[in-house]
Amino acid sequence: MHPSDTALNDFIDGTLGAAERLEVEQHLAGCAVCRQTVDDLREILRAIGEAEPLDAPVRAWSRLERAIRMEREDVAVPGSHGIASRERQGDGGGRQRGSRQALSPWVPWLAAAAALVLAVAIGMRYVPARHVDVAETGAPAAAGEAALSVETELRQAEAHYENAIKGLEAIANSEQSELDPRTAATLQKNLAVIDQAISESRAAVRAQPASEPAQQSLIDGFKTKIGLLQDTVALINEMRKGNEAGAARIASGLKQKGT
Amino acid sequence: MTVDLVARIQSGDVDAFETLYRQHSARIYTLASRMAGSAEDGEDLLQEIFLQAYRKVGSFKGDSALGTWLYRLALNHCLDFVRSRQAKMNKLTETLDAETSIEPTARRETPIARLDLERAVERLPEGCREAFVLHDVEGFDHKEVADLLGIAEGTSKSQVFKARLKLRGFLRGK
Amino acid sequence: MRLTAPFVIAGLAVVAAPAVAQDNEPRVVVRDVVHTARAGAYQGRNNGPEQTERFSRKVKIGRDGRFTLSNISGDIVVTAGGGDEVSIDAIKRTRGDKGELGRVQILIDDRAGRVDVRTEHEQNRTDRNRGDHVSVDYTVTVPASVSVDVHSVSGAVKVTGVHGSLRAETVSGDVTINDAPRLEAAKTVSGDVSLTGVTADGDLSAASVSGNVRAKGLKARGLDLGSVSGDISVTDVTCERLGVKTVSGGVEYAGGIAKGGRYEINAHSGTVRLQLTNPAGFELTANSFSGSIRSELPLTIGGDAGRQRDSGSRGRRDSMNNHAMRATFGDGSATLVVRTFSGDIIITKR
Chain D
2 MHPSDTALND FIDGTLGAAE RLEVEQHLAG CAVCRQTVDD LREILRAIGE
52 AEPLDAPVRA WSRLERAIRM EREDVAVPGS HGIASRERQG DGGGRQRGSR
102 QALSPWVPWL AAAAALVLAV AIGMRYVPAR HVDVAETGAP AAAGEAALSV
152 ETELRQAEAH YENAIKGLEA IANSEQSELD PRTAATLQKN LAVIDQAISE
202 SRAAVRAQPA SEPAQQSLID GFKTKIGLLQ DTVALINEMR KGNEAGAARI
252 ASGLKQKGT
Chain G
105 MTVDLVARIQ SGDVDAFETL YRQHSARIYT LASRMAGSAE DGEDLLQEIF
155 LQAYRKVGSF KGDSALGTWL YRLALNHCLD FVRSRQAKMN KLTETLDAET
205 SIEPTARRET PIARLDLERA VERLPEGCRE AFVLHDVEGF DHKEVADLLG
255 IAEGTSKSQV FKARLKLRGF LRGK
Chain H
7 MRLTAPFVIA GLAVVAAPAV AQDNEPRVVV RDVVHTARAG AYQGRNNGPE
57 QTERFSRKVK IGRDGRFTLS NISGDIVVTA GGGDEVSIDA IKRTRGDKGE
107 LGRVQILIDD RAGRVDVRTE HEQNRTDRNR GDHVSVDYTV TVPASVSVDV
157 HSVSGAVKVT GVHGSLRAET VSGDVTINDA PRLEAAKTVS GDVSLTGVTA
207 DGDLSAASVS GNVRAKGLKA RGLDLGSVSG DISVTDVTCE RLGVKTVSGG
257 VEYAGGIAKG GRYEINAHSG TVRLQLTNPA GFELTANSFS GSIRSELPLT
307 IGGDAGRQRD SGSRGRRDSM NNHAMRATFG DGSATLVVRT FSGDIIITKR
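Residue numbers (my numbering), protein chains in the order written: chain D, 2 to 260; chain G, 105 to 278; chain H, 7 to 356.
The hints are simulated quantities; they were obtained by calculation from the structure and are not laboratory data. A quick note: this is a predicted structure, and the numbers were derived from the prediction, not measured. Just so you know, not all the hints are guaranteed correct.
[Stated by the list, open to error] What the simulated footprint calls covered on chain G by chain D, stretch by stretch (three residues with Cβ under 8 Å from a Cβ of chain D suffice, anywhere in the stretch; the number is not a length):
1. 115-125
2. 150-162
3. 267-276
[What the hints assert, rightly or not] Listed below are the simulated DSS-like cross-link pairs for lysine-lysine, each with C-alpha atoms no more than 30 Å apart in a straight line:
4. D/LYS224 / G/LYS160
5. D/LYS242 / H/LYS164
6. D/LYS224 / H/LYS225
7. H/LYS164 / H/LYS225
8. H/LYS64 / D/LYS242
[Said to hold, decoys possible] Away from chain H, derived, C-beta distances all over 10 Å, residues of chain G:
9. GLU242
10. ASP245
11. GLU257
Note that beta-carbon positions come from the ideal geometry of N, C-alpha and C, so glycine has one too.
Let the hints inform the model, and build the full structure from the sequences given.
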């Protein structure tokens with residue numbers, strides 16, 4: 002009569018009473034199967050306890066840094082307790098690029114857009130794999146539910162991504178004159194490349210809703226599009242700051258001369 | 105050095121913040137990936153956590169180490185994520201528990217390969233995975249796990265035990 | 007902000023366009039200028055002989071200093087040297103009127119441990135199509151340990167031997183980086199990025215939008231390369247973690263696989279070609295929605311892989327079909343994940 006799984010686990014954790022522990026020890030002395038179980042579990046716990054943390058992907062810092070730089074533009078946000086308000090309180094040294102320039106009203110959109118996109122990415126992570134797992138265990142009712150659920154979740158994810166995209170597009174389109182025509186054209190062309198990819202992925206998902214590569218490629222497409230739009234907005238902002246810096250110098254130069 | 109780092113971060117020094125990131129990103133990424141059940145989700149959570157840390161560092165009072173403060177922020181964030189996803193997934197959790205086809209990840213005997221282990225943890229079903237990570241990896245006791253996950257202490261224990269056995273199944277083909 | 011009326015500012019000292027180096031004041035130099043008319047009046051002459059004006063300055067910086075250069079039109083070349091000063095040589099060029107050169111200023115801001123250089127065009131860029139047609143090419147030497155951040159808009163950027171942290175960006179132009187162990191970002195929009203000859207113990211990141219990205223003969227801990235419509239090529243690179251992403255471009259990876267490394271390649275419609283030289287053991291997960299997958303490397307299909315989220319072959323006993331492959335090579339310690347939508351995945355021996 003083997004000890005229960007619970008008893009073996011308690012044994013490993015040292016939470017059995019003395020009498021029960023003795024029982025298990027005696028059983029283990031004569032049972033290779035249970036000994037193997039205990040050894041395996043101990044090995045798993047040892048391995049997970051000793052495992053060094055895995056490094057985050059290389060791109061993680063670049064994305065984060067971009068989001069932070071966007072936040073830093075946002076010195077006009079009222080009531081913020083973070084870095085931005087401290088900057089305004091006068092950090093003294095270090096002239097930050099753009100932090101003392103007059104910023105146009107849409108700049109707060111940048112931080113909002115960055116935050117929105119990240120929130121979207123987190124909140125709308127649907128889990129197609131597990132749904133498909135359910136289908137495979139052969140419970141038909143659950144499978145039907147699962148398929149429906151995937152559809153719904155995917156549509157919700159799409160909607161959220163598309164909102165983020167629209168917000169960024171609005172900024173990019175309204176301020177595109179900051180960019181020279183060739184660059185603007187290159188960016189538009191590449192956004193079209195991404196849109197093409199998105200529409201191919203979408204068609205694939207419609208044709209084969211359970212296909213993980215199809216779903217994955219659709220989500221990848223949205224993220225890539227958002228990334229490019231964010232970069233476009235950041236670029237526009239840089240150009241604008243440069244323009245304003247130049248204009249401010251000219252204006253201050255003129256003022257000094259009393260004209 | 106840390107005191108200086110905190111001061112620099114609070115005054116907006118992005119390089120200093122990057123130092124903090126470099127010091128802690130691996131630990132937090134690993135925690136987030138395991139709690140969320142996938143490296144991709146872990147990466148997104150990592151972003152959110154550090155962005156939140158950046159915004160909130162102004163309110164860090166220095167009554168604990170910066171790393172501890174960051175860890176707590178990360179843990180809370182992971183728990184929020186797990187809870188909100190749990191709410192969506194409730195209907196399906198029970199069916200998942202009945203999963204019978206388990207393909208083993210490795211047939212080798214000890215030692216367990218690091219990546220096999222991570223993958224096996226990722227494959228654990230919701231519920232028992234978080235309990236396992238919090239108890240067996242992060243070192244919280246069952247009472248603490250129960251508080252963090254909003255479950256009963258007995259449930260924490262049974263979920264952790266279930267996770268261990270499933271891991272064994274994945275890794276040993278038994 | 008445009009100055010819409012032509013005007014003359016009387017009473018200013020007229021500063022002649024200097025043919026010699028500017029004065030040596032260490033503070034920000036804001037030049038007084040003479041506006042004689044709107045730029046429009048001078049637009050007729052853009053294809054005359056090239057007029058140039060040289061600028062040269064040396065500024066002390068200190069070994070741990072930080073150097074930034076922000077240019078608009080024109081190339082930037084930064085090379086590492088010895089000493090403790092930054093040496094800046096610039097050539098202003100125009101095919102228009104020589105007077106236009108004076109309206110482009112090189113501003114140098116120098117404080118403790120920092121030197122910031124900036125090109126400023128007074129005819130600002132809202133008037134882009136009728137701008138001053140002046141470009142400034144910079145050649146800079148910095149102490150090798152200085153950290154560098156250079157930026158052009160329309161122009162190439164080339165940096166060699168900078169060992170401090172480095173960011174090099176342009177919008178329209180190529181970025182070429184050589185021997186930069188602490189490269190943080192090398193980016194362009196329409197232009198190619200090329201990284202060579204560096205041994206870095208951190209992460210390197212390079213991206214273009216419509217151009218190609220190439221990493222060759224280098225060693226880094228982590229490498230992150232991306233483009234939208236350009237190709238990515240990685241040749242003879244040693245890294246623990248690799249992330250490659252393109253949408254319509256192709257990917258070529260020619261080199262080894264390091265033990266325990268993690269390699270992720272993602273393309274939408276381009277072909278992904280892996281030419282592996284004596285790879286350490288790896289576990290491969292290759293997925294495509296409609297592209298085909300072939301390998302001439304001897305792989306054990308299925309193997310120790312187990313199921314992963316991103317498998318395209320859920321529930322099938324054989325882990326190989328035309329669009330999905332999970333296979334192990336050697337001890338399977340490294341992880342290789344290749345995903346495309348419609349592009350083919352081809353794995354060969356090198």
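Results of checking the hints against the structure:
Coverage of the region 115-125 of chain G by chain D holds. Counting CB-CB distances below 8 Å, 6 residues qualify, and the rule asks for three or more. Using a Cβ-Cβ cut-off of 8 Å, 10 residues of the region 150-162 of chain G lie near chain D, which meets the minimum of three, so the contact claim holds. Coverage of the region 267-276 of chain G by chain D holds. Counting CB-CB distances below 8 Å, 6 residues qualify, and the rule asks for three or more. At most 30 Å may separate the alpha-carbon atoms for a hinted pair to count; D/LYS224 and G/LYS160 meet this at roughly 26 Å.
In summary, the hint linking D/LYS242 to H/LYS164 is supported, as the alpha carbons are separated by about 24 Å, within the 30 Å threshold. With a C-alpha separation of about 29 Å, the suggested pairing of D/LYS224 with H/LYS225 holds against the 30 Å cut-off. Our distance criterion of 30 Å between C-alpha atoms is met by H/LYS164 and H/LYS225, whose separation comes to about 19 Å. Using a Cα cut-off of 30 Å, the hinted pair H/LYS64 and D/LYS242 holds, with the two alpha carbons roughly 27 Å apart.
With 10 Å as the threshold on Cβ separation, the claim that G/GLU242 sits away from chain H holds: the shortest Cβ distance comes to roughly 23 Å. Listed as a non-interface residue, G/ASP245 keeps its Cβ farther than 10 Å from every Cβ of chain H; the least gap is roughly 31 Å. No beta-carbon of chain H is positioned within 10 Å of the beta-carbon of G/GLU257; the least distance is around 31 Å.
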